[in-house]
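Start from chain A and add chain B according to the hints.
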Amino acid sequence: MSQALARPQSPNSWHYRELNQKNPGLDHLSNGLISLVEAGHPVMAGSADLQYSNGLNRFAARYPDRYVGFGISEQNMVSAAAGIATTGMMPYVATFASFLGLLTCEQIRMDVAYCALPVRLIGHHTGISMGFYGTSHHATEDIGTMRSIADLTVVSPADGPQLEAAIRASIDHDRPIYFRTGRGREPDLYDPKADFVFGKAIEHARGEELTIIACGLPVHPAVQVAERLNAAGRSVGVIDMATVKPIDRDAVLEAAARSKLLMTIEEHNIIGGLGAAVAEVLADEGVGKRLIRHGIHDEYALIAPPTHLYAHYKLDAKGIEELVLKAIG
Amino acid sequence: MNSALRNDFRPDEETIARLRDRAQFVRLETIRLIEIAKVGHYTSVFSAAEIFAALYYDVMRLSDDPKWADRDRFLMGKGHAAVGLFPILADLGYLPVDVLNGYTRFGNPLGDHPDMRKVPGVDFSSGSIGHALSNGLGMALAGRMQGRSFTTFVMLGDGEMQEGQVWEAAIGAAHHKLNRLVAIVDRNGYQLDGAVDDVMGIEPLDEKWRAFGWEVHVVDGHDIAELTAALRRAKADEARTRPCCIIARTLKGKGVSYMETEPGWHLGYLDPSDADAARAEILSKVI
Numbered sequence: 004m005s006q007a008l009a010r011p012q013s014p015n016s017w018h019y020r021e022l023n024q025k026n027p028g029l030d031h032l033s034n035g036l037i038s039l040v041e042a043g044h045p046v047m048a049g050s051a052d053l054q055y056s057n058g059l060n061r062f063a064a065r066y067p068d069r070y071v072g073f074g075i076s077e078q079n080m081v082s083a084a085a086g087i088a089t090t091g092m093m094p095y096v097a098t099f100a101s102f103l104g105l106l107t108c109e110q111i112r113m114d115v116a117y118c119a120l121p122v123r124l125i126g127h128h129t130g131i132s133m134g135f136y137g138t139s140h141h142a143t144e145d146i147g148t149m150r151s152i153a154d155l156t157v158v159s160p161a162d163g164p165q166l167e168a169a170i171r172a173s174i175d176h177d178r179p180i181y182f183r184t185g186r187g188r189e190p191d192l193y194d195p196k197a198d199f200v201f202g203k204a205i206e207h208a209r210g211e212e213l214t215i216i217a218c219g220l221p222v223h224p225a226v227q228v229a230e231r232l233n234a235a236g237r238s239v240g241v242i243d244m245a246t247v248k249p250i251d252r253d254a255v256l257e258a259a260a261r262s263k264l265l266m267t268i269e270e271h272n273i274i275g276g277l278g279a280a281v282a283e284v285l286a287d288e289g290v291g292k293r294l295i296r297h298g299i300h301d302e303y304a305l306i307a308p309p310t311h312l313y314a315h316y317k318l319d320a321k322g323i324e325e326l327v328l329k330a331i332g
Numbered sequence: 103m104n105s106a107l108r109n110d111f112r113p114d115e116e117t118i119a120r121l122r123d124r125a126q127f128v129r130l131e132t133i134r135l136i137e138i139a140k141v142g143h144y145t146s147v148f149s150a151a152e153i154f155a156a157l158y159y160d161v162m163r164l165s166d167d168p169k170w171a172d173r174d175r176f177l178m179g180k181g182h183a184a185v186g187l188f189p190i191l192a193d194l195g196y197l198p199v200d201v202l203n204g205y206t207r208f209g210n211p212l213g214d215h216p217d218m219r220k221v222p223g224v225d226f227s228s229g230s231i232g233h234a235l236s237n238g239l240g241m242a243l244a245g246r247m248q249g250r251s252f253t254t255f256v257m258l259g260d261g262e263m264q265e266g267q268v269w270e271a272a273i274g275a276a277h278h279k280l281n282r283l284v285a286i287v288d289r290n291g292y293q294l295d296g297a298v299d300d301v302m303g304i305e306p307l308d309e310k311w312r313a314f315g316w317e318v319h320v321v322d323g324h325d326i327a328e329l330t331a332a333l334r335r336a337k338a339d340e341a342r343t344r345p346c347c348i349i350a351r352t353l354k355g356k357g358v359s360y361m362e363t364e365p366g367w368h369l370g371y372l373d374p375s376d377a378d379a380a381r382a383e384i385l386s387k388v389i
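Sequences listed follow chains A and B, in order. Going by this note's numbering, the first sequence opens with residue 4, and the numbers climb by one from there. Going by this note's numbering, the second sequence opens with residue 103, and the numbers climb by one from there.
Extracted from the complex, chain B is given alone in its bound form:
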């Protein structure tokens, strides 16, 4: 993206402050909800908190009706970060707060992974890594068949790049020139068994997506202004004839210092005393 375009889509200072606040809200709510479940994916949400905030509080076209046919869609290949999405759905009024507060408890619709049958505002269920880009491709195809103008955003994990189905969808989306399909890769560098580069390397990632026929932008996934501008542009660029991939360079666990350096925090639990300290650290920082 050249600097002129970046400036065209750059959010103003008030928006930047608001989005930072919402990203912080996502991190704080994630800590609170995982205290209920007593296990959860803190760091998978923390790397994506700015992505959630930019999409739901700025970029996506939404309405009070979570089933509105012309709404923009959001799908998560990395469904285990759903604990970061649920507070947003409650904040937007799609989900009662008392349901949110029963996260993972017996019979509650909210589990570790998002379920479109049970949770208003979830555009597609996930949990089996590798399906979501295909699901989004289908939505984008159907949107075109119906003459609708919604944009479908699909957030993918970087470990997810190891799934073959992702590349089936990547080929298909480029072939069908799905310019209203946007993939966002949360390139936080880690998966369950360790660093992505050690477990099963995926670089050069930008060149791969380009070779598959996508327009590619690499951004700092925690720079809310740069990230939001890239997402706004991906949605607004009517002239583009290709799908768009935004590779968001992020830190797994961003916001809580010890989580940023210990990959084991992919899954874990913070005792309430540690949770308080983590909250305090998040509140003390501007990301």
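If we strip away everything but chain A, and leave its shape as in the complex, we get:
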């Protein structure tokens, strides 16, 4: 007779509700929201059947009266968040970026942005971070869709700590915001206690040969590449354009004035995203600087574990270094 086991025996076994341990970067979402509630702000959080994926289960356990589970009804969640925001509360609602940025695009435009309501939309597991879950779960268009919606601020933090800092700063931001964040497994670059300023780029290095302008996950490897190359006598700059909209125009123009080349790097289609936003600034100002747009080159990503995809699409440090060296010779 077989013996029923109380639990698996190996420490390597895990289940969905233990995802917090695997995605520590997303702990920062709940951390930021808990600190806002503790400070007395009328915030609430909601999710569409993904509280263990985005870590909001921690917020929900702490403040059950401030959390709403919407089930698998993303459009309903976004429209309801808009209704909640009319009453003076500030809702933070989260689901996969692939669904927020495309499935709920119209609800975001009509109910959130057009109505100018302070709803915070958190699109997590963005880009190709879902790896072999496939194209339905990849978000390589969300910057493009969200950026074209008037009155919507678009923020793409590079890691969990920067997301937490931006969440805390958002309490003073009276407009709707789309946060585009990863899956919480990125190595930390920032300190969660650092100030986050909407619309202000963060300069990590200055360079005359080339400046990388990146957002999201590629920022950290880009910083590592610049450090390595600059230590070897090259001159490569890195700017974290964490706020994609409104874009820090001065930062783009200063980089263009300083560097021979510009390169944008994003975990997004090169059409419509950060590269397009930088190109618009250069064109608007009549700056004839060569811009290399790097990201997903107008295609659907392959099936593979995320790290393999980042290597394949040259979004990791090795791939970025290869592209930079090719550009600067």
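Keep in mind that the hints were calculated from the coordinates and are not lab data. Incorrect hints may appear among the rest.
Said to hold, decoys possible - Label-pair restraints from in silico Cβ distances:
| id | chain 1 | residue 1 | chain 2 | residue 2 | range |
| --- | --- | --- | --- | --- | --- |
| 1 | A | Ser151 | B | Gln248 | 32 to 42 angstroms |
| 2 | A | Gly74 | B | Glu309 | 42 to 52 angstroms |
| 3 | A | Glu41 | B | Ala338 | 36 to 46 angstroms |
Beta carbons are placed, not taken as given, at the ideal position from N, Cα and C, and that holds for glycine.
This is chain B only, laid out in the frame that chain A set:
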């Protein structure tokens, strides 16, 4: 609803007369405003005129301040009937009459659909059919979180029942036991391409809402006494643990005879001479 309950909430004769007058006012103002725009949704308002009147002149808790936090809310899934709401907002003093009289003209806040950013008294913007019940669900959730007692009324078109998001909200409202959320379906039977039953049938509608966990009442949407009693009860019933759906059986174009029989009047324009005749017919009837 049993007869005893109906009697408890039935408006008195004076109220009935007043509400009939306000429904007539909504129809007449709609004709007047559409003369300005030279195109509009007469019949979508005419089917809902009694619903507007009962809510704004009897059932809803309002104040002089259209932003009062404890006011009852009204949202329109069928935002194209906003031309029937604007005269009420002006009548209640939320909107200057000269603004009303500039309906749809360059730079005026009043367009074919209601805009909460521009129009005091509009509780939520609409125009994209299918969102409003979710918006109302959010308000009802937030009201509960804040310990407020306002009721949120959401008027939906019957064609709107074809939108999937309505049923996402229906599931959610029942799950969260939002007893201060009331949906009113204006079951006028027609949508742009024809009869709802021909375009994309939605019956049995009452059974659908019941199956989704709502308390359901089917009323004659032009019988002001029956409609008002149902709305009063939906608001007053503190013991209810479910959201409430009132299916108002109505006639699209009610009040102008040829509009009641020609679905094309969903959108149209009456020349001033025809508008006068329509006004005369509305004034000659007791609905």
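Against the range 32 to 42 angstroms, how does the distance between the Cβ atoms of Ser151 (chain A) and Gln248 (chain B) compare: consistent or not? holds, 34 angstroms
Between Glu41 (chain A) and Ala338 (chain B), is the Cβ distance one that fits in 36 to 46 angstroms? holds, 38 angstroms
Could you say whether the range 42 to 52 angstroms given as a hint is met by the Cβ separation of Gly74 (chain A) and Glu309 (chain B)? Roughly 22 angstroms apart at Cβ, these two residues miss the hinted range, so it is violated.
Violated hints amount to a single one, hint 2; each of the other numbered hints is respected by the structure.
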